[in-house]
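**Q** In order, the protein sequences belong to chains A, B, C and D. Quick note: my numbering has the first sequence finishing at residue 543, numbered continuously throughout. Quick note: my numbering has the second sequence finishing at residue 543, numbered continuously throughout. Quick note: my numbering has the third sequence finishing at residue 508, numbered continuously throughout. Quick note: my numbering has the fourth sequence finishing at residue 508, numbered continuously throughout.
Since the hints were derived computationally from the structure, they do not count as laboratory data. None of these values were measured; they are calculated from a predicted model. Hints are all accurate, no fakes.
Derived DMTMM-like pairs: lysine to aspartate or glutamate, alpha-carbon spacing no greater than 20 Å straight-line: (1) B/266 with D/311; (2) A/537 with B/498; (3) B/266 with D/405; (4) C/208 with C/198; (5) C/340 with D/362; (6) D/208 with D/489.
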Amino acid sequence: MAEKTYRDAIRDAMMEEMDRDANVLIMGEDIGVYEGTFRITAGMLKKYGPKRVIDTPIAEAGMAGTAVGMAMLGLRPIVEMMTMNFAIVAADQILNHAAKVRYFSGGQVDVPMVIRGPQGAGVQLSAQHSQTFESFYAHFPGLKVVAPATPADAKGLLKTSIRGRDPVIFLESAALYGMKGEVPDDADFTVPFGVSRIAREGSDVTIVSYSRMLQMSLIAAEKLAEEGIECEVIDLRTLRPLDLEPAYASVTKTHRCVVVQEQWKPFGAAAEIAASITENVFDELDAPVARVTGEDVPMPYARNLELLATPHEQHVIAAVKKVMYANG
Amino acid sequence: MAEKTYRDAIRDAMMEEMDRDANVLIMGEDIGVYEGTFRITAGMLKKYGPKRVIDTPIAEAGMAGTAVGMAMLGLRPIVEMMTMNFAIVAADQILNHAAKVRYFSGGQVDVPMVIRGPQGAGVQLSAQHSQTFESFYAHFPGLKVVAPATPADAKGLLKTSIRGRDPVIFLESAALYGMKGEVPDDADFTVPFGVSRIAREGSDVTIVSYSRMLQMSLIAAEKLAEEGIECEVIDLRTLRPLDLEPAYASVTKTHRCVVVQEQWKPFGAAAEIAASITENVFDELDAPVARVTGEDVPMPYARNLELLATPHEQHVIAAVKKVMYANG
Amino acid sequence: MAKAKEQASATIDPAAACAPEWTDILRQMILIRRFEEATEREFRKGKIGGYLHVYSGQEAVASGIITALQKGDILFTGYRDHAHAIALGSEPRRVMAELFGKGTGISKGKGGSMHLFDVEHGFYGGYGIVGGHLTLAAGAAYALRYRDTERIAVCYFGDGAMNIGSFHEAMNMAGLWGKSGMCPILFIIENNGYAMGTSVERHSALTDLSQRVRAYNIPTEKVDGQDVFAVRGVADRVVRQIRDTGKPYCIEAITYRFSGHGAADILQPYRTKDEVEQHRHRDPIGILRNRLGEICGLTDDDVKEIEDWASKEVAAAVQFAEESPQPDAEELWRDIVAEHGPTRENE
Amino acid sequence: MAKAKEQASATIDPAAACAPEWTDILRQMILIRRFEEATEREFRKGKIGGYLHVYSGQEAVASGIITALQKGDILFTGYRDHAHAIALGSEPRRVMAELFGKGTGISKGKGGSMHLFDVEHGFYGGYGIVGGHLTLAAGAAYALRYRDTERIAVCYFGDGAMNIGSFHEAMNMAGLWGKSGMCPILFIIENNGYAMGTSVERHSALTDLSQRVRAYNIPTEKVDGQDVFAVRGVADRVVRQIRDTGKPYCIEAITYRFSGHGAADILQPYRTKDEVEQHRHRDPIGILRNRLGEICGLTDDDVKEIEDWASKEVAAAVQFAEESPQPDAEELWRDIVAEHGPTRENE
Ligand SMILES: Cc1ncc(C[n+]2csc(CCOP(=O)(O)OP(=O)(O)O)c2C)c(N)n1
Ligand SMILES: Cc1ncc(C[n+]2csc(CCOP(=O)(O)OP(=O)(O)O)c2C)c(N)n1
Ligand SMILES: [Mg+2]
Ligand SMILES: [Mg+2]
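Bound conformation, chain A alone (with noise of 0.2 Å):
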């Protein structure tokens, strides 16, 4: 165990991983003679030199696409979106050719790929550099979603995105990088996709988030147990694969749940948290599942509107007290 930033474990687990395997490289923006935006990838040019640190230029549709004839062929290539943002421009290749070609082929190639980068509200970002993406990926079959909330997760999940054989989609949260958590040596650590996980346990209301919202959602429960209230948090991982196994035992035995995202809540990933949890423990909830989600607004400049746009501790607070009927 060593304490590491989220920005390190995921470093960590990519030059882990283009130690192990000659076949992994990854390409993207600045990510070589820069050393990225954020940092990810500093050093990793030196290291490895220009044929398997690619500095691509601005084409988020060509990175995407080169890297699935990449994956096609035997690479396993990562792509780092400066922002997922960018990735949009990219939907094509994603959704209509890394997600579909092993299916439309008979099973005749595997697309061993992961697509990484930050996503979700920064400082002042505005409407086109704010977004999350994870509803927006994850109803398409043939890919997979990861959202980590910590940086063991970050680096155990990205190293299980770099050794599968299916197209990843690996959703960081900047406002993230800088944090510090224990994180496993072992160069063989890796988490499982589609295993959620108890971040917290509690007996009053469950709370299922992942990513940046989890660790607000923590906060809250944190508060929230100052006044006697004992929520249970959990951490779903991954999208897609989505385990809702651990929410449904937790809702079991809370009979309350609160459903926690970053995104717009219309057609958002906690609707179909939500639903799913209703359709297979309807007769345990006690109260309808609560969505604690940002503003169905595009994301404005001015500090103080997007802070009112973006979700807080005080609505996750407000919402388990909601499916409490304690309010007010």
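Since the structure of chain A is already known, use the hints to place chains B, C and D with the ligands on it.
**A** Relative to the frame of chain A, chains B, C and D with the ligands by itself:
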């Protein structure tokens, strides 16, 4: 009133609006000389000329992006996507530009444009040509998302789309193009956004759907009626804005609800609809809201597999019986 | 075209013109033509579903290039892909079974006409989004060189595909990677004059398509796509060069599609019957056949023998497809992600 | 550059060189420089958030073109957009207020540095997705001609933007529409040698960027982007031509960015201090100032006066931004769709 096909209703709406407002024009691939792969635009080039009926190169991003620019300058472009599957190529222009420019300009521009085209499973079009996109677009504030189920709504909602001041994603069902129905002749007949309609009254179970699945649900409802089960069928018409008030009212009466979509289940439109209904009328529900959806697989080519991948009446019937706890 | 013609004769050794290989190429082209005619018949009978895009008239572009390749080379193309599969060596009966949506099809019946795949023969598909496969092909070429192989990638696309963004991004990246010898790829523009119903003049600001490719620092030349001697001549030279240098190259084959864009394109309001007739005079099969007749004494009987063989082959393919079973229902859930499929080692 | 230089002198009448307008242009360029320096200071103080991309070193490219435009002409650019707004006539204080995220900002504080808009002055933004605005600009140009106006559109973009698909699609469509005189647009390549940390040699297969634009049948020329006389000279001629013909034209302005890519680009590992120094010797403001000194007897005092004025303007802008209120909370919900905003007639 006159009997019209869904196809002709769409053409009539466009031509009436082009006659009414010189700022309305249409562009797309092979809509002019070729007269449209689905012949929606047959005759339009001859009538309006190449300045208003623009054959474009194969460049969906170019089509959508130039339409945004035209709209910002006061034109009312209609973009025909040969099928909505190809609009993924234009995702950045639609999601990062059309949907957001009004907001990040501080309201300095209108963006009156319509992106329309067929979506959904046809007959053996396989994985890249059989998708549905309502949840994909409806997640993004700034867009309006329309999915008509009848010729009358196709015409009335398209006219509202063209006359509006915002970008509209107008999702047609290729499978309904040949469907006939009564359509008002009145050149000023429009159907407002965000007003769901009760397509069939009933007291036992509420079925919520839209587009082609609404028609399928009505057929299922008739079959169920023969067994003495009366379903109330609600047609959402638009997914953004989303009007669920009639659904809430209906569930308050029936206490049971089934949502029907063609999309993949995970993170699809039915999740939002089910979650919202549960949030709002939880205490009225005698059973969890059930979802009828397509199978979570890329669309296969083989007809036998394709039939297994898509939802059919019997699935709706089974779901209705399930929420009535009337199964087997 | 003059220039292209010269090149052709310049690059083909007259002595070699009668090598038995040329008769094989004629066989292949006739087989492809018969195959496509059969697909159109079976489509009308409702045996083939979805979209069907046939290659009739363009055979020399597939055969002239693909016969110049080596085992291990790989190929990507669009949805007009039957000829490429057959030229690469896929069994016609398994291609036909794919179009029939049968479990014996080369993509297990899951891809259909637009998504033929036969990795064993180097065929990496078979794509339905115009231009979408170009970036895949460029990446695949990088992978071939990354593993220090001598293999090259070939990527076919139509004139209309040149207007979409992914064409641009693929070309620029191929040009860049080529500078360090990391992109051994041959791009083939199948310029049949139309993107569906839109002529090159109406879809491309600059109608000299090879000129457009120069914007990516990729050498390009035009060739008469109806003359398989010319195509093969250029291919022999260019394929060697790509293999040696690891740099991309582009060939613009000027050709013509005899049938409609797809099976649904009946009216063809964008071209006259007369225009089609004119082009039928330059049928690539007729051109090769006459050439072999004049220079090598190929007789009508020889040709008749080939045609009978091809017809039998295709009839057998149709029968095989007809009699093959549909895919198992479990196939619906296979091949979505790795767990669902048989484990396979990456090459 | 030689060629560009000639053209410049060829197109500028020496007599005109001392017209008072040139002093105004100097004022404008100095104002822009002071403004950008202030934004960098205020960013470090935390008064400005998000991403900040300044224009220092490139002023002649904005001023040389924009001063050649007429009222009614419109402009689109990327996120490095402060100079364009100011050159078009936006109030510096409202631009600064936008960067401060205040309700008095030109986009009500909702857009920020990357999304400046001032439709009244013809500024249609201000976009953050590289290359994303090119298709918008082409469509806007079509709309201007569709309504039979004499107005033209100008679209700025960087060297790096030329590698993304939407550049390609916009250029081809502009080239096509230009054939029928339906696309009066001036494309300006702000070639500052780098896309963030990636040099043109490393991001573009063909490094002669204007050559790339010829692939779209759009006439192009290079100009020395540090010499506002040269830029303006080309602009006067070209703008007239576009207005007359309705056809697109492209100018590649060779320029250089003195500051980092963005405020976060401190290390600049992709270029040497020395390289930056070399380019500072060709400061567009110095070049114009010297020229006016030599030819028109502009004195140091004159310049001092301009600099003091500019500093005061900018200081006032900062103070205004500082003192302005934040946007009202209700603004969060305005301008998402029409209902939420004030009703406005389309022009
Ligand atoms: C992105 C996209 N847009 C539109 C289509 C519909 N479409 C299929 S083929 C075709 C024409 C392609 O023409 P070309 O590239 O010249 O190839 P050809 O059919 O002539 O061989 C079009 C528009 C598509 N499949 N993908
Ligand atoms: C599609 C997309 N990819 C990546 C980025 C991140 N990014 C912002 S500016 C920039 C460099 C652009 O360089 P250039 O076009 O030369 O303009 P310059 O900054 O030099 O003025 C990059 C990569 C983006 N904003 N959009
Ligand atoms: Mg073609
Ligand atoms: Mg640049």
